[in-house]
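K.L.:
Here the protein sequences come in this chain order: A and B. Using the numbering used here, you'd call the opening residue of the first sequence number 35 and step up by one each time. Using the numbering used here, you'd call the opening residue of the second sequence number 141 and step up by one each time.
Among these hints, one or two may not hold up.
[Claimed, not checked] In silico DSBU-like cross-links for lysine-lysine, where the CA-CA straight-line distance does not exceed 35 Å:
{"no.": "1", "chain 1": "B", "residue 1": "Lys150", "chain 2": "B", "residue 2": "Lys196"}
{"no.": "2", "chain 1": "B", "residue 1": "Lys196", "chain 2": "A", "residue 2": "Lys54"}
{"no.": "3", "chain 1": "A", "residue 1": "Lys49", "chain 2": "B", "residue 2": "Lys150"}
Source of the hints: derived by calculation from the structure; they are not laboratory data.
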Amino acid sequence: MWNYEKRLQYPINIKTPNAKIAQFIASQYGGPDGEIGASLRYLSQRFTMPNRMTAAVLNDIGTEELSHLEMVSTIIHQLTRNLSMEEIEKSGLGPYYIDHGVGVWPQAAGGIPFNACEFQSKGDPVTDLFEDLAAEQKARSTYDNILRVVRDIPEIADPIRFLRSREIVHFQRFGEALRSVQENLDAKNFYAFNPAFDNPCKASCKNS
Amino acid sequence: MMSQNSCTSKEKLLQRIYEVSFAVDDILLFLDTHPCCQEALSFYREYSSERQKLMKEYARHYGPLTIDDALETDANSWRWMEQPFPWEQEGECR
């Protein structure tokens, strides 16, 4: 279960609305490499991990991602708060506005709705952890793309830089978790068995 | 003047809560994969205890940030609900 803290992981205080940039950043909420997908991916995958260290890494990073999706949705909300009808039409937010007003709804920058097919839970720890490593890099690239657009607007760029740096830390932790799984596998053939399915006893939670 | 001073110390306290909480967020992931690192354990001990102290102090003066501190204030109402959400503009509720 979770406890809520009535604060963000990193403070955000955007004073000037910007409908165009809100549409771009929305991708990190409900887009293909966004924070909702990240969180659901890790929190779903953690059940079949063969050692406690790897389950803990997925659990705790999945938890941190929940605070990131709150940060990204805060950015979207603050960028769309107090918009005029004229700004909405001019910026291209019109179609979104018709369906959602300025409510926060998970979709990609191009308008594709959030979909669970954006992540996997394969029931195979090696496969899942490689996906997680790639996911952190894809999210980092998206933040880099966003930063090229917002780098001269400190009130937006600052929290985006924070989120970007967390992707790099998470990548590092997933690498360590993957190593801990592989150390418990057959060194001559990592794919000799699936530790989540074929032979769970070989990788006991006692070995880290 | 009074209210300006109290506002400044409120912001300072919250800023420190952000800092020590981030230190905890980061070291806990490191400890997940380095559970025997003594340096990291003592880092966690230091920042986690400062965080708990500051969270209670904040709750006493300005209202709770977590449910465990909901009764730290002497208010007669449910401060947990009244406490602003972190995305709100000062003085508004959205």
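K.L.:
Which hint numbers does the structure go against, in order from smallest to largest?
P.N.:
2
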